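Given chain A's structure and the hints, the job is docking chain B onto it.
As given, the protein sequences belong to chains A and B, one line each in that order. Last residue of the first sequence: number 758 in UniProt numbering, and the count goes up by one each step with no gaps. Last residue of the second sequence: number 417 in UniProt numbering, and the count goes up by one each step with no gaps.
The set of hints was computed from the structure by calculation and includes no laboratory data. Keep in mind that a hint or two might mislead.
Stated by the list, open to error - Taking lysine-lysine and the DSS-like style, the derived pairs with C-alpha atoms no more than 25 Å apart in a straight line are:
1. A:40 with A:55
2. A:477 with B:110
3. B:110 with A:152
4. B:209 with A:477
5. B:295 with A:477
6. B:164 with A:177
7. B:328 with A:177
8. B:32 with A:477
9. A:212 with B:110
10. B:11 with A:575
11. A:554 with A:516
12. B:295 with B:240
13. A:477 with B:41
14. A:115 with A:344
15. A:581 with B:11
16. A:115 with A:516
17. B:41 with A:235
18. A:99 with A:155
19. B:6 with A:477
20. B:6 with A:553
21. B:11 with A:212
22. A:115 with A:51
23. A:155 with B:184
24. B:6 with A:581
25. B:156 with A:177
26. B:164 with B:184
27. B:164 with A:152
28. B:11 with A:177
29. B:84 with B:338
30. A:152 with B:184
31. A:22 with A:5
32. A:606 with A:619
None of these values were measured; they are calculated from a predicted model.
Residue strings, one per chain:
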Amino acid sequence: MFSKKRTIDDLLIEWQYDEQLKQNIVHWQTIEATPARYSKFPNELHPSIKKALNKRGIEQLYTHQREAFDYAVNGKSFTAVTPTASGKSLCYHLPVLQKILEDQSSRAIYLFPTKALAQDQKADLNDLIEDMEEEILSYTYDGDTAPAIRQKIRKAGHIVMTNPDMLHSGILPHHTKWVSLFENLKYIVIDELHTYKGVFGSHVAHVIRRLKRICAFYGSDPIFICTSATIKNPKELAEKLTNTNHELIAKSGAPVGKKTFLFYNPPIVHPTFGVRRSSVLEVRDLATRLFEAGIQTIVFAKSRVRVEMLVTYLKSLTKNKIQDESIRGYRGGYLPTERRAIEKGLRDGTIQIVVSTNALELGVDIGQLQACIMTGYPGNIASAWQQAGRAGRRQDSALIIYVANSTALDQYVVNNPTYLLGSSPEEALINPDNILILMDHLKCAAFELPFSITDSYGEFEVQELLEFLQDEGVLVKTSSNWYWMSERFPAHEISLRSASQENVVIIDQTVPAGTKVIGEMDTYSAMTLLHEEAIYLHQGTQFQVEMLDWEEKKAYVREVDVDYFTDANLAVELKVLNEDKTSQHKTASVSYGDISLLAIPTIFKKIRFQTHENIGSGKIHIPPLEMHTNATWLSFNLPENWSEEMLTDALTGASYAIGSFIPLYIQCDRNDLTVVPQVKSVHNDKPTLFIYDSYPGGIGLSERVYDILVPIIEQTIGHVQNCPCQNGCPSCIGAQDSFSESKQKVIKILSILLNEIG
Amino acid sequence: MSYENKMMQLKQMLGKKKEQPKNKPTFQKPEKPFYINEWQKAGLALVENDFGVLFKREVTYPFTFQHGFYKLGLFFDAVEKWQKATVEHPYAIHIDEPVLFFDTETTGLKGVGTNIFLLGLLSVEEDQFVLTQYVLADPANEAAFLFESKFWQQSKTIVSYNGKSFDWPQLETRWTLNQNVLPKLRNPRQIDLLHSSKRIWKNNLERMKLTKVEEEKLGFRRNGDIPGFLAPIIYTDAIKSGNASALMKVLYHNEWDLLSLVTLYIHSTNLLLEGEWEESATTYTNIGKWYGDLKQPLQSEQVLTTVTENYQTEEAGLAHYYLAFQQKRNGMVEEAIKSFQKALSFVNNREKLKVLEQLAILYEHQLKEYERALHYTNEGLQLLESQSFIKKDQQMKYVINWTRRLQRVEKKLKSKI
Numbered sequence: 001m002f003s004k005k006r007t008i009d010d011l012l013i014e015w016q017y018d019e020q021l022k023q024n025i026v027h028w029q030t031i032e033a034t035p036a037r038y039s040k041f042p043n044e045l046h047p048s049i050k051k052a053l054n055k056r057g058i059e060q061l062y063t064h065q066r067e068a069f070d071y072a073v074n075g076k077s078f079t080a081v082t083p084t085a086s087g088k089s090l091c092y093h094l095p096v097l098q099k100i101l102e103d104q105s106s107r108a109i110y111l112f113p114t115k116a117l118a119q120d121q122k123a124d125l126n127d128l129i130e131d132m133e134e135e136i137l138s139y140t141y142d143g144d145t146a147p148a149i150r151q152k153i154r155k156a157g158h159i160v161m162t163n164p165d166m167l168h169s170g171i172l173p174h175h176t177k178w179v180s181l182f183e184n185l186k187y188i189v190i191d192e193l194h195t196y197k198g199v200f201g202s203h204v205a206h207v208i209r210r211l212k213r214i215c216a217f218y219g220s221d222p223i224f225i226c227t228s229a230t231i232k233n234p235k236e237l238a239e240k241l242t243n244t245n246h247e248l249i250a251k252s253g254a255p256v257g258k259k260t261f262l263f264y265n266p267p268i269v270h271p272t273f274g275v276r277r278s279s280v281l282e283v284r285d286l287a288t289r290l291f292e293a294g295i296q297t298i299v300f301a302k303s304r305v306r307v308e309m310l311v312t313y314l315k316s317l318t319k320n321k322i323q324d325e326s327i328r329g330y331r332g333g334y335l336p337t338e339r340r341a342i343e344k345g346l347r348d349g350t351i352q353i354v355v356s357t358n359a360l361e362l363g364v365d366i367g368q369l370q371a372c373i374m375t376g377y378p379g380n381i382a383s384a385w386q387q388a389g390r391a392g393r394r395q396d397s398a399l400i401i402y403v404a405n406s407t408a409l410d411q412y413v414v415n416n417p418t419y420l421l422g423s424s425p426e427e428a429l430i431n432p433d434n435i436l437i438l439m440d441h442l443k444c445a446a447f448e449l450p451f452s453i454t455d456s457y458g459e460f461e462v463q464e465l466l467e468f469l470q471d472e473g474v475l476v477k478t479s480s481n482w483y484w485m486s487e488r489f490p491a492h493e494i495s496l497r498s499a500s501q502e503n504v505v506i507i508d509q510t511v512p513a514g515t516k517v518i519g520e521m522d523t524y525s526a527m528t529l530l531h532e533e534a535i536y537l538h539q540g541t542q543f544q545v546e547m548l549d550w551e552e553k554k555a556y557v558r559e560v561d562v563d564y565f566t567d568a569n570l571a572v573e574l575k576v577l578n579e580d581k582t583s584q585h586k587t588a589s590v591s592y593g594d595i596s597l598l599a600i601p602t603i604f605k606k607i608r609f610q611t612h613e614n615i616g617s618g619k620i621h622i623p624p625l626e627m628h629t630n631a632t633w634l635s636f637n638l639p640e641n642w643s644e645e646m647l648t649d650a651l652t653g654a655s656y657a658i659g660s661f662i663p664l665y666i667q668c669d670r671n672d673l674t675v676v677p678q679v680k681s682v683h684n685d686k687p688t689l690f691i692y693d694s695y696p697g698g699i700g701l702s703e704r705v706y707d708i709l710v711p712i713i714e715q716t717i718g719h720v721q722n723c724p725c726q727n728g729c730p731s732c733i734g735a736q737d738s739f740s741e742s743k744q745k746v747i748k749i750l751s752i753l754l755n756e757i758g
Numbered sequence: 001m002s003y004e005n006k007m008m009q010l011k012q013m014l015g016k017k018k019e020q021p022k023n024k025p026t027f028q029k030p031e032k033p034f035y036i037n038e039w040q041k042a043g044l045a046l047v048e049n050d051f052g053v054l055f056k057r058e059v060t061y062p063f064t065f066q067h068g069f070y071k072l073g074l075f076f077d078a079v080e081k082w083q084k085a086t087v088e089h090p091y092a093i094h095i096d097e098p099v100l101f102f103d104t105e106t107t108g109l110k111g112v113g114t115n116i117f118l119l120g121l122l123s124v125e126e127d128q129f130v131l132t133q134y135v136l137a138d139p140a141n142e143a144a145f146l147f148e149s150k151f152w153q154q155s156k157t158i159v160s161y162n163g164k165s166f167d168w169p170q171l172e173t174r175w176t177l178n179q180n181v182l183p184k185l186r187n188p189r190q191i192d193l194l195h196s197s198k199r200i201w202k203n204n205l206e207r208m209k210l211t212k213v214e215e216e217k218l219g220f221r222r223n224g225d226i227p228g229f230l231a232p233i234i235y236t237d238a239i240k241s242g243n244a245s246a247l248m249k250v251l252y253h254n255e256w257d258l259l260s261l262v263t264l265y266i267h268s269t270n271l272l273l274e275g276e277w278e279e280s281a282t283t284y285t286n287i288g289k290w291y292g293d294l295k296q297p298l299q300s301e302q303v304l305t306t307v308t309e310n311y312q313t314e315e316a317g318l319a320h321y322y323l324a325f326q327q328k329r330n331g332m333v334e335e336a337i338k339s340f341q342k343a344l345s346f347v348n349n350r351e352k353l354k355v356l357e358q359l360a361i362l363y364e365h366q367l368k369e370y371e372r373a374l375h376y377t378n379e380g381l382q383l384l385e386s387q388s389f390i391k392k393d394q395q396m397k398y399v400i401n402w403t404r405r406l407q408r409v410e411k412k413l414k415s416k417i
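So here's chain A without its partners, still in its complex pose:
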């Protein structure tokens, strides 16, 4: 029998003649290989480092690594945009190690967005140091660090690898225990810069400002080194995050092998409603083909459940082999030892397919594979490229298959390959100006070091805010300074991963003796998702909310298995508080400013899966919630021959569609922004479309929308028009109950608006 093993190039030739497969491939594109661009080792590079590099077969640097070294040596902070597997860690290891070898007292902090990443990088760095045969101490410092070695890390660790949360609550408020670190801090490395966006990024921006303030106190002025995946605004993000000017290294010198992208759209199985075959099943079939051809593949899926489904499906391929480990799942929460085992299996070829959530998208080192399948669009270009970057060994061809889901964004991407392949990626936005986040960290900063009565904080003038904190009773003012004077430990009251004052804690009481907290949710979302009797989905498992203790902010849930989901209605009153920017058009206006939002939960419906029939409803007993945030709004006159009712329907569909497309421009989750139509807005009695940040105080998203509203509407119209459904579907304007002409009306109203403001 002849071997079925084939190379990617063989396989692709074969697929070109596979008519059945070809029907579903919307687009097929090959990007030719780019050769490496090298630079010599810098003259001053320490012989021990050279030795270690030579030992790994590195005789020269990629151009971006050399550029990084030169910037750092010249005392310039910089941000390097580095694709997967381009040797990005040498961009920071080299200057940091060089500095330590020149001056043993030097220190560096490495910041990684998660604990697991820090631990992975530590293993990598320690190997390098070992090959250098030098006495350089590097440690991870996080919640898992044993108390016995903490003292040693504080005093003697040259390189401390940690995460922003630990820095925020475990290191900065205790900075006097870290004197030798802060006095000699030469470098702050921020890896995976692109993950610091939205609420989290805005918090971290303040953690960095506090860090810099403490460095200044101890007389150090560290250089920032950031590495980022491809985003539109790496330099701007780095500068905003660190409040420091950055140089940009935009071009990687690493070689890229030939890559073939296939855009795969599952076939339509129900033409009227535009229903397509499940992407999971399609991925199963594609992965099977790759498995049989002997091609090492990584499959990305968005949720844990999907990962598990795919692993189960695929394992049936090997069910006749005993103890076969060639197909493995990989989810968050794996132990380092398990990860090492998977890594090793991938390297030595015993694992052939790994199915992963986006946990493997970040810098975790699993080596390089031959093919990558994305089950659905990961949400933004940066992630998609990170995932695609997992495929492609140095010189070999790589295959990347993107299999679309039926959501609007997925359908857009599969039908517009240039969006992913050609256009510039999204922006990552943060908003350190968010007053709520700022006040949180101002408290922490005041705890850490007193403010003088002439001090500012970061780029902010804060004297009046300090006055406010005095009124709150946590600060005391003397003739020269503001001092923290309270028993409270402010860092413990602030979580970097949320902007809300308070979160609702979700408690699983399925096992009475083993109740456990399974998650938390901001109060605003909780109103519609955690009301009593709501079906709450947590990592694919259904839970029913049995009791919601709104006062204590606790939701008690129990695991259930039902064939419906719940959908809650929220009546929203919007008031404009302050108009910061506005642009007038013929009869319409676009504005940006502060709004107040009164959300009143009303009723919820139980809706059966598949059929979407309404099988029950109830009242929600939660008091209204007021939130202040930022918004961009578009007001216009009621078009001629339109009734208010017609307009309501059309605007609802238009809002759905617009909401789906904002993530094309701004790196954010679909839920980070909310689009709400009002036929008669309170502030000017006109039909108005509000687009607001879903977090108290705003995180800068809607402000950006103000600038790019025209292209967003253009894009939306184009997509709704091109959607193959007849009357609207979840891929464009949302599911429609009636056979009215909703779709046409949505296109019409959007065109009117575009005409007004375009």
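Showing chain B alone in chain A's frame:
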């Protein structure tokens, strides 16, 4: 949401900084607080030095001063007892060693934002004990307050209650914050009586709060004491309002703490060095075990033997247990077995399992009496299976080990027959 509303108003005030030149100011003496007169009236003395002002209170006590069961002067007897003693112990104080009893009051529990506002020092002088309490005038005058404590100059042995892990590190934090003006802080020897109390009264006292130890062991009961957790609020109020009357109560609280440190040292020394046998078997067993852990086997054996001889077997179970380990280490197999057997019925299941294991080992490997070994092995297995005093996964491991032992002993028994 009034907080948010306020925030929105504040947002209007939020300005962005224009670049301003950074020039580090040299030290400037802070201004004096407005309440100097009030605090003096309350009984505090004003002190002024190069770094600003602070307040101070001083009290002296003759050696005959009675605090609970003890006169303070007995401290010298305690030091002399250590001098004469043949054992080595981390709590021994040398006769020429200068000591300082030390306790602070703070505005919080941890972190750089926690201030020390009261440094209480009780020193031993030629003819009396002297209490000196330094009070932080306000946070701006911290350098003056720290400087006055003389911790940069003197290096006396510090005797405290939880000072090793709390008060002293807190002092180091404050010192670091003022390191640009203050001379370097010294690193003195520390004797922490919380640690010794925990060793001595484990399983005997439920809580190791100093006030509890005073009542139960030192014969002292406080009248009109303010609870320690109110101290931060009281201090904050005193510097905001200028009224120091409640603050004085914090000073008295601190004074009692310091006096009790002296008598606690005296009492602990007596327990460690001479068997007066007024306390429970548990206490002396703890002490015996402590000597064992300190690698003082003779002293350990002596204390434990005395417990086994002076108390009922029911109370002395643990003493037999620890003694048995000492004996085994010394190669006294027969004695060890006897002690283990005595301990067997009077210890908790966790120790009981260890006793059975030891007996099984001794009979199997030392005496080669396999029937006996088999008997204890079976008992051990039974205990393991009947009780759930250990975690499930650990229990499994134990069961595997014990089963292995059972098989081995059975095999040996067979080959012997």
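Which of the numbered hints above does this structure break?
-> 4, 5, 7, 12, 17, 22, 28 and 29
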